[in-house]
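For this one, chain X is given, so just place chain U on it according to the hints.
Here is how the chains run, residue by residue.
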Amino acid sequence: LAKTTQPISMDSYEGQEVNITCSHNNIATNDYITWYQQFPSQGPRFIIQGYKTKVTNEVASLFIPADRKSSTLSLPRVSLSDTAVYYCLVGPNFGNEKLTFGTGTRLTIIP
Amino acid sequence: KAGVTQTPRYLIKTRGQQVTLSCSPISGHRSVSWYQQTPGQGLQFLFEYFSETQRNKGNFPGRFSGRQFSNSRSEMNVSTLELGDSALYLCASSSTDLPERAFFGQGTRLTVV
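First to last, the sequence lines map onto chains X and U.
Going by our numbering, the first residue of the first sequence is number 1, and it counts up by one from there.
Going by our numbering, the first residue of the second sequence is number 1001, and it counts up by one from there.
Hint data in this document are derived by calculation from the structure and do not stem from the laboratory.
Be aware that one or more of the hints could be misleading.
[To be verified] Below, computed lysine-lysine pairings styled on DSS-like, alpha-carbon distance capped at 30 Å:
1) X:K69 with X:K98
2) U:K1013 with X:K69
3) X:K98 with X:K52
4) X:K3 with X:K98
5) X:K69 with X:K3
6) X:K3 with U:K1013
7) U:K1013 with X:K98
8) X:K54 with X:K98
9) U:K1057 with X:K3
Predicted, not measured: the structure shown is a model, and the values here were computed from it.
So here's chain X without its partners, still in its complex pose (with noise of 0.2 Å):
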């Protein structure tokens, strides 16, 4: 499973977009990249999931650039809900089997 490499943490301000990017130098042609958010003491949330260009659901946004080695979770106009830890995660389209978790990203949106 390929490799991911996120900020340990950053901060925002509420009503701002928050861009957390992800990099996966060593992606695999079939390996799909999501996004997973945990709250303190909750199992994580999926967010989204892409394998390339650009995703869009109701909570957020996926860019993929065309070399695929990096990704960008977009979040737009955040709240104080949205203070969790961000979860980037690469690998076959399989879901259940062996989710790989790394660090995450701690966001914390300041009022």
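Chain U in isolation, oriented as in the chain X frame:
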């Protein structure tokens, strides 16, 4: 649909004892995975079951075991508990229709004293 349910939510055990944790997946989901989360090691994969068979296993000692029943409910067992086993144990389930998305329960907080 009800989400993934884990019981109990909190547990305190003494070193040397054994413990069994339970996970009820989302109805219709046949894949169940277990993870251990600690401040020092983060989220680590324990094992995954599909249709009562263990399909994948992480790098944990044999004291950690699991099983899955015909109704997809799963249990994990830890024998001869050590202080380092104190952690949040998370269960996740997924369906064959949407395999790329895992749904996690709220976890069982195990404290070994």
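Hint-by-hint comparison with the structure:
Using a Cα cut-off of 30 Å, the hinted pair K69 of chain X and K98 of chain X holds, with the two alpha carbons roughly 21 Å apart. Between the alpha carbons of K1013 of chain U and K69 of chain X the distance comes to roughly 45 Å, so the proposed pair goes past 30 Å and is violated. For the hint linking K98 of chain X to K52 of chain X, the alpha-carbon distance of about 22 Å falls within 30 Å, and the restraint holds. Note on K3 of chain X and K98 of chain X: the hinted pairing holds, with a Cα-Cα distance of about 14 Å set against a maximum of 30 Å.
Annotation: proposed proximity of K69 of chain X to K3 of chain X holds, straight-line Cα distance about 11 Å (limit 30 Å). About 35 Å separates the Cα atoms of K3 of chain X and K1013 of chain U, which puts this hinted pair outside 30 Å; it is violated. Only pairs whose Cα atoms come within 30 Å are accepted, and K1013 of chain U paired with K98 of chain X is accepted, the gap being roughly 27 Å. With a C-alpha separation of about 25 Å, the suggested pairing of K54 of chain X with K98 of chain X holds against the 30 Å cut-off.
Restraint check: the Cα-Cα separation between K1057 of chain U and K3 of chain X comes to about 19 Å, which is no more than 30 Å; the hinted pair holds.
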